[in-house]
Every structure is written in structure tokens, then in C-alpha cells.
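Colleague: Sequence:
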Amino acid sequence: MSLFLIAAAALTVVVLALVLLPLLRDGAPAPERAAFDRAVYRDQLRELERDEARGMIGTAEAATARLEIQRRLLGRTAGAAVRPAPPPIDPARSARSPALALALALLLAGSAGSVYMAAGRPELPGQPLAQRVLDPEEVQLRLAVAELGRKVTDEPRNGEAWLLLARASAALGQWTDAVEAYREALALVPATPEIRAAALEATVLAAGGVVAPASQEGFEGVLAEEPANPIARFYLAAAHAQAGRHDAAIAGWQALAADLPAGVSIRDEVARRVAASARAAGIAAPPIPPPAEPPDQAAREEMIRGMVARLAARLEEEPDDADGWQRLGRAYSVMGEQEKAVQAYARAGALRPDDMAIALAEAQTMLEGLAPTAPFPPRALDMLRRVAAADPRQPAALWHLGVEAAKRGAMAEAVGYWDRLLALLPPDSDDARMVRAAVDAVKRR
Numbered sequence: 004m005s006l007f008l009i010a011a012a013a014l015t016v017v018v019l020a021l022v023l024l025p026l027l028r029d030g031a032p033a034p035e036r037a038a039f040d041r042a043v044y045r046d047q048l049r050e051l052e053r054d055e056a057r058g059m060i061g062t063a064e065a066a067t068a069r070l071e072i073q074r075r076l077l078g079r080t081a082g083a084a085v086r087p088a089p090p091p092i093d094p095a096r097s098a099r100s101p102a103l104a105l106a107l108a109l110l111l112a113g114s115a116g117s118v119y120m121a122a123g124r125p126e127l128p129g130q131p132l133a134q135r136v137l138d139p140e141e142v143q144l145r146l147a148v149a150e151l152g153r154k155v156t157d158e159p160r161n162g163e164a165w166l167l168l169a170r171a172s173a174a175l176g177q178w179t180d181a182v183e184a185y186r187e188a189l190a191l192v193p194a195t196p197e198i199r200a201a202a203l204e205a206t207v208l209a210a211g212g213v214v215a216p217a218s219q220e221g222f223e224g225v226l227a228e229e230p231a232n233p234i235a236r237f238y239l240a241a242a243h244a245q246a247g248r249h250d251a252a253i254a255g256w257q258a259l260a261a262d263l264p265a266g267v268s269i270r271d272e273v274a275r276r277v278a279a280s281a282r283a284a285g286i287a288a289p290p291i292p293p294p295a296e297p298p299d300q301a302a303r304e305e306m307i308r309g310m311v312a313r314l315a316a317r318l319e320e321e322p323d324d325a326d327g328w329q330r331l332g333r334a335y336s337v338m339g340e341q342e343k344a345v346q347a348y349a350r351a352g353a354l355r356p357d358d359m360a361i362a363l364a365e366a367q368t369m370l371e372g373l374a375p376t377a378p379f380p381p382r383a384l385d386m387l388r389r390v391a392a393a394d395p396r397q398p399a400a401l402w403h404l405g406v407e408a409a410k411r412g413a414m415a416e417a418v419g420y421w422d423r424l425l426a427l428l429p430p431d432s433d434d435a436r437m438v439r440a441a442v443d444a445v446k447r448r
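The sequence shown maps to residues 4 to 448 in our numbering.
What the hints contain is simulated information worked out from the structure, not anything from laboratory work.
All figures in this text were calculated on a predicted structure; none of them were measured in a lab.
C-beta atoms are modelled at their ideal positions from N, C-alpha and C, and glycine is treated no differently.
Please note that a few of the clues may not be correct.
[Stated by the list, open to error] Here are the in silico distance ranges between beta carbons for each label pair: (1) Leu191 to Asp262: 31 to 39 Å; (2) Arg447 to Glu320: 52 to 60 Å; (3) Thr156 to Glu319: 34 to 42 Å.
Make a model of the complete structure from these sequences and hints.
Modeller: Next comes the structure, spelled out in C-alpha cells:
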């Protein structure tokens, strides 16, 4: 308790210093407001990416927040050229104010202490790692990024691996890494409109949402080949808004909205963009067109299930097709039929007992949906150990084995696995930070 109070007091002093020191210094001319806002929005984007990487915000919520920040950034960028110059600074307002600083110090410290004495609970213990709810999809995605990073290092001419790395990095919001991976992929795989549009989107988002002239030209090339491409249509409208051509921007977003079905989150973002451009143009925002008729989802799912059923029937007649059993396992996993997926991977593994990729896929499938405090299934644990023995540098196996050790209280063993994993990761990567956080958590227990 005493250590906590000392730490809290020290933190209070630091915060007060940061807040009050400007009141004790002579003022300096403030930056132009639009430039300041743009810097704030870019900082918000970076902070959002860090929060998403740490699992503090879900992927869907992060995507919505990211689009909103980008909208505001784009609005500031487009309107900066037409805003009047800021008024001159009043010398009286920028002068030092020791009395105000002292009053604020007493008020802030006293208020914080009163609130904490009434509602604080320093006696609460930290939450053990094993009881924390980790997003399994994000963990798998981060492990995939680490594995793909190692793969492209070993096989720099593997275009498909670069493409997968680009898409996985983009899914995590790691836009700069995605841009670099797309650049490598496009030099090695056919540059389809879909891939080029995704690469251009990563470029825009890495630049804080600003559509540069080169990106605009690239999106125009995508539309020349694929006129319905939604990514290119969205960002070309954004480029018009950025350049102050709000009529063209609104028309582009309206046309896109008319082709989007109901329930698609991008429709809400389009509506916000249209409203923002209308305000900038000084006109009333037009209504968003009604949504397009949605595809028959039930019919599509039925078609997919029929294809999977035909594959399963063929494999019963041709049971020696290991690749076919792997495809069936992946299909069942996507459909959420975990038990059938495990059985299919088991059949593939029986045909290729030395293929550790199959063993890892089966183990990870068995871990899907596992409660944070539930022990690992013995078969999954056995397979993970086999994979790690065959390939001591397999990131997914090292991560899962560390989690399993932490769950049963073997903290030194968990740290050992994660230290080995850290040695494989770039020190400044989000993956390395995630693993270091896990190591710190178990060391504190």
C-alpha cells in the first residue's frame, strides 16, 4: 500500500509539472489551428493502431474509429487552404501566471486524492495472464505475420508469401509494413486490380488518410480495368474532397452508396463524408441512396456447403489425398465446424506424419474457442511439442506452449518459450511488444 501511494504521488507530481509548466513560462506563438488539428489526428491514428494491437479495442470498432479520424483529417487537409490566418496572439494571454499555476496544483492534487480515497481500491491484485481474455483471431493473425516475415526472409522471391504478409499486416492496421509488403508482392505476382487497390489503400492510410496525386492516378487506373471496384471509388471521391471538389466527391460517394447493401458499415462512413463535403461546400447534404439488394446469403452458404460435402464424399472414395484432407479441414474450420475440421486434419496427418504444418493446423483448430482458464487438450499439447521439437523456430508453437505453461503455473517455463520467440521477432515490432508484455505479466506473479 505504501509503495502504491509513493508511486501515485510521484506520478501526480509529473502530471502537474506537465500541466503547469506552460503557465510558468513565457508564451510562444501558437501553431496554425488546422496544422495542429492534423497533427493531433495523425497521433490519434497511431494511438488507435497501438490500442488495436494490444487488444484494447476490437477490430470492427477500430476500423470505424480509424475511418472517422481519417475523415476529420481529410477535412482539415482540404479546408486548410481556404481558412483565414489566425488572429495575432494577445501578449497578456501568453504571459506567465504563477498564481493560477499554484491554484491549479492545489485543486488538481486535492480533487484526485479525494476521488481516489472514495472510490480507489489499491488492494486489488493484478489479473493473471491465464485469466485474461485474448482475441484468438488477433493472436493467430500476429503469429501468422511473424511466420510470414520469416518466410519472406528465407524466400524473398515468394510472391504469394509477400501478398499474404501484406494482407495480414493491413488487417492489423500496420499500414507502413503493408505498403512495403505489397510493393514486394506486386513485383512478383500478377498485379490484378484488386491487389493494386488494396496496395494503394495501404499507401493512403500510411499517409494518414491523404490521397496523394500518385495514389489518385493509381486508383483511376484500377477503375479503368474494374469500374465497380469499391476501394478505388471510395478513395477517388476522397481525393476530390481533399482538393475542394466537393460536388464531385459527393457524386462519387452517392454512386458508391447506391451499390452497397444494407448493414455494410462503409455506408455510414459514406454518409458522414457526404455530410462533411456538403458543409464545406455550403450546401444541404443530399440523402444517401437506398441500399442495393443484398445477395442471397442463404443460397451462397448452401452452395459452399454443397461444395464441401462433395469434397468430403470424394475423399471417402480417395482417402489417400492428404492435400484434399487439408483443404477439407480448412473449409470446416471456416464454417465453424471445429470437430469435423480436427478429424480432417487428423486424416491428413496420418498420411503425412512428418508434415508439421498439418500438425500445427490441427493443434490450433483444437485451441479455437478454448476458455482462457481451460487446460490445453492433451493431443493439442502433444502436437505443439512435436512441432517445436521439429522446428524450434516455429513462432506459433512457441507462443502456444508459453500460454499453456502459464495456465498451469509454470511461469519459468512460459518465460523460456517466450524468450525464444522474442529472439525471432524484430525488437521494435508490435509482436515483440505483445510477447514482452506477456513475459512481464508472468514475471510479476
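Colleague: Check each numbered hint from earlier against the structure, then list the numbers of those it violates in ascending order.
Modeller: none
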